[in-house]
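Colleague: Sequence:
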Amino acid sequence: MPLLRVEGLGIDFGGLRAVNDVGFQVEPGEIVSVIGPNGAGKTTLFNMISGAYRPGRGTVALNGETVTGMEPHLLARRGLSRTFQNLQIFQKMTVLENAMAGCHLKERGNFLADLFSLPASRRRTAGTRAAAMRLLARVGLDRAADKEASSLSYGALKRLEIARALALEPGILLLDEPAAGCNAVETEEIDRLVAEVAKSGVAILLVEHDMKLVMRISNHIVVLDRGEKIAEGKPEQVARDPKVIEAYLGVQAKEAGGHALG
Numbered sequence: 001m002p003l004l005r006v007e008g009l010g011i012d013f014g015g016l017r018a019v020n021d022v023g024f025q026v027e028p029g030e031i032v033s034v035i036g037p038n039g040a041g042k043t044t045l046f047n048m049i050s051g052a053y054r055p056g057r058g059t060v061a062l063n064g065e066t067v068t069g070m071e072p073h074l075l076a077r078r079g080l081s082r083t084f085q086n087l088q089i090f091q092k093m094t095v096l097e098n099a100m101a102g103c104h105l106k107e108r109g110n111f112l113a114d115l116f117s118l119p120a121s122r123r124r125t126a127g128t129r130a131a132a133m134r135l136l137a138r139v140g141l142d143r144a145a146d147k148e149a150s151s152l153s154y155g156a157l158k159r160l161e162i163a164r165a166l167a168l169e170p171g172i173l174l175l176d177e178p179a180a181g182c183n184a185v186e187t188e189e190i191d192r193l194v195a196e197v198a199k200s201g202v203a204i205l206l207v208e209h210d211m212k213l214v215m216r217i218s219n220h221i222v223v224l225d226r227g228e229k230i231a232e233g234k235p236e237q238v239a240r241d242p243k244v245i246e247a248y249l250g251v252q253a254k255e256a257g258g259h260a261l262g
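Position one of the sequence shown corresponds to residue 1 (the numbering used here), numbered consecutively onward.
Read the hints as simulated data drawn from the structure, not as lab findings.
Take these hints with a grain of salt, some might be off.
Stated by the list, open to error - Below, simulated BS3-like cross-link-like pairs (lysine-lysine); rule was C-alpha separation at most 25 Å, straight line: (1) K212 / K243; (2) K199 / K212; (3) K92 / K147; (4) K234 / K199; (5) K234 / K212.
Build out the structure end to end from the sequences listed, making use of the hints.
Modeller: Written out as C-alpha cells, the structure is:
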C-alpha cells in the first residue's frame with residue numbers, strides 16, 4: 001500500500017482551473033518530485049494535499065485513510081508534515097527554541113503541571129529539549145543551538161525549517177522549494193539532508209526548480225503544466241519526454257534535444 005495516494009485531484013479559482021485531474025502515489029522512503037514551469041500548479045497541489053486548500057475534486061489518502069480536505073494539524077498527527085516556499089521561522093527565538101516549537105504537537109501536557117512548574121512539567125521540557133537537540137544535530141545545526149535564528153545564513157534557516165518539520169516524526173515530508181535562494185554549497189547541504197531523511201524511511205514529496213538537484217535525488221518525477229499532469233516517470237524518462245522539454249524550453253529546445261533538463 002502506498003503511503004500517499006492522490007487521485008483525480010483538482011481545484012478552480014473564480015472559474016480558473018488551477019489544477020485538474022492530477023494523480024500519483026508515494027511509497028515509504030521514496031523521493032517524488034513535482035516539477036513544472038512557473039504557474040503550473042505545483043504549490044496549489046501541495047496546498048490541497050497538506051490541507052491548506054480543500055480540493056474541488058478528487059481524493060487524498062494517507063496510509064489507506066481518506067484525508068481529503070482534512071485540516072493541517074490533523075494531518076500532522078497522522079504523519080504528514082511540510083515546509084513552505086517562504087520561511088516560517090521565529091527569527092527572534094533561538095535555533096533550539098525553534099526546534100522545540102516543532103516538538104510541542106507531540107507533547108501530552110497538563111495545564112496545572114505547567115502552570116506550577118511541577119516535576120512532570122520540568123521532565124517533559126527536558127525531554128523536548130533533548131529531542132530538539134537531536135534534530136539539530138541531524139541537520140548540522142547543534143553548534144548553533146543558542147544563537148538567535150536571525151543570525152543564521154539562508155541555507156541554515158532552510159535546514160532549521162526541515163528540522164522543525166521532522167520534529168513531528170512524519171511518515172511523509174512535503175518540501176516546497178527547499179533549495180530556493182540557496183547558493184551552490186547550501187544546495188548541496190540540502191541535497192544531502194533530503195537524501196538522508198529518505199534513507200531513514202521518511203517519504204519525501206518535493207517541489208523544486210533546481211533541476212540538477214531534482215534529477216540527482218528523485219526516484220520518481222511528476223510533471224505539471226497549466227494545472228495538468230503531462231508526464232510521470234523516472235528522472236531519465238522525464239528528461240527525454242518531448243512534452244516536458246516543450247513545456248520548459250519551447251519547441252526550439254525540443255528540436256535541440258532538451259539537454260538543459262539533465
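Colleague: Run every hint past the structure and note whether it holds.
Modeller: Hints versus structure:
With a C-alpha separation of about 19 Å, the suggested pairing of K212 with K243 holds against the 25 Å cut-off. Under the criterion of a C-alpha separation no larger than 25 Å, the hint pairing K199 with K212 is consistent with the structure, at around 20 Å. Annotation: proposed proximity of K92 to K147 holds, straight-line Cα distance about 10 Å (limit 25 Å). Between K234 and K199 the alpha-carbon distance is near 18 Å, which keeps this suggested pair within the 25 Å criterion.
The straight-line distance between the Cα atoms of K234 and K212 is roughly 14 Å, inside the 25 Å bound, and the hint therefore holds.
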